[in-house]
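*Asks:* Sequence:
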Amino acid sequence: MKLIRVPSKLQSANDVTLRHQIQSHAMKRYQQEAKTLQVDTVMSLLCGRNTFVLAATGFGKSRIPEMYLDLLAKDCRGRITGVVVVLNPLDALGDNQVEEKTASGIQTAGRP
8 MKLIRVPSKL QSANDVTLRH QIQSHAMKRY QQEAKTLQVD TVMSLLCGRN
58 TFVLAATGFG KSRIPEMYLD LLAKDCRGRI TGVVVVLNPL DALGDNQVEE
108 KTASGIQTAG RP
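Whatever position you read off the sequence shown (first residue = 1), add 7 for my numbering.
Heads up, a few of these hints could be off.
To be verified - Subject to a maximum C-alpha distance of 20 angstroms in a straight line, what follows is the list of computed PhoX-like cross-link-like pairs (lysine-lysine):
#1 Lys68 <-> Lys16
#2 Lys35 <-> Lys81
#3 Lys108 <-> Lys81
#4 Lys42 <-> Lys81
#5 Lys108 <-> Lys35
To be verified - Ranges of calculated distance between the beta carbons of each label pair, as one might list FRET restraints:
#6 Arg84 <-> Ala62: 33 to 43 angstroms
#7 Arg86 <-> Ser15: 16 to 26 angstroms
#8 Asp102 <-> Ser15: 15 to 25 angstroms
#9 Arg36 <-> Gln114: 17 to 27 angstroms
#10 Lys81 <-> Thr115: 25 to 35 angstroms
#11 Thr64 <-> Ser15: 30 to 40 angstroms
#12 Pro14 <-> Met34: 14 to 24 angstroms
#13 Leu94 <-> Gly65: 16 to 26 angstroms
Because the hints were derived from the structure by calculation, they are not lab data. The structure displayed is predicted, hence computed values, not measured ones. Glycine included, every Cβ here is placed at the ideal spot set by N, Cα and C.
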């Protein structure tokens, strides 16, 4: 089984540096500071841990896989080489997220 490729710069980073990288990327993408739980979750994923997040509606859980994908290794064309699976129990919310990702150029598989 091929593992997800995390850039070596992030693999060798200590926790403080890794946290700073995640926060910096999130600020660039969203023009807003990432929440501590978002950063902790992305750190956990980058370290290869199975991760579960339970947070209230409106917290910003949908940003976590985006933040994670931004930090994964890219191929020579700049495309992300990993896959993130997001489980979502609410059909309407899932449909909305698929539409948003497709509109932003992220390849999706899911509800039509």
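*Asks:* Please flag the earlier hints that this structure goes against, numbers listed from lowest up.
*Replies:* Hints 1, 4, 8 and 10 are the ones this structure does not satisfy, whereas the remaining hints hold.
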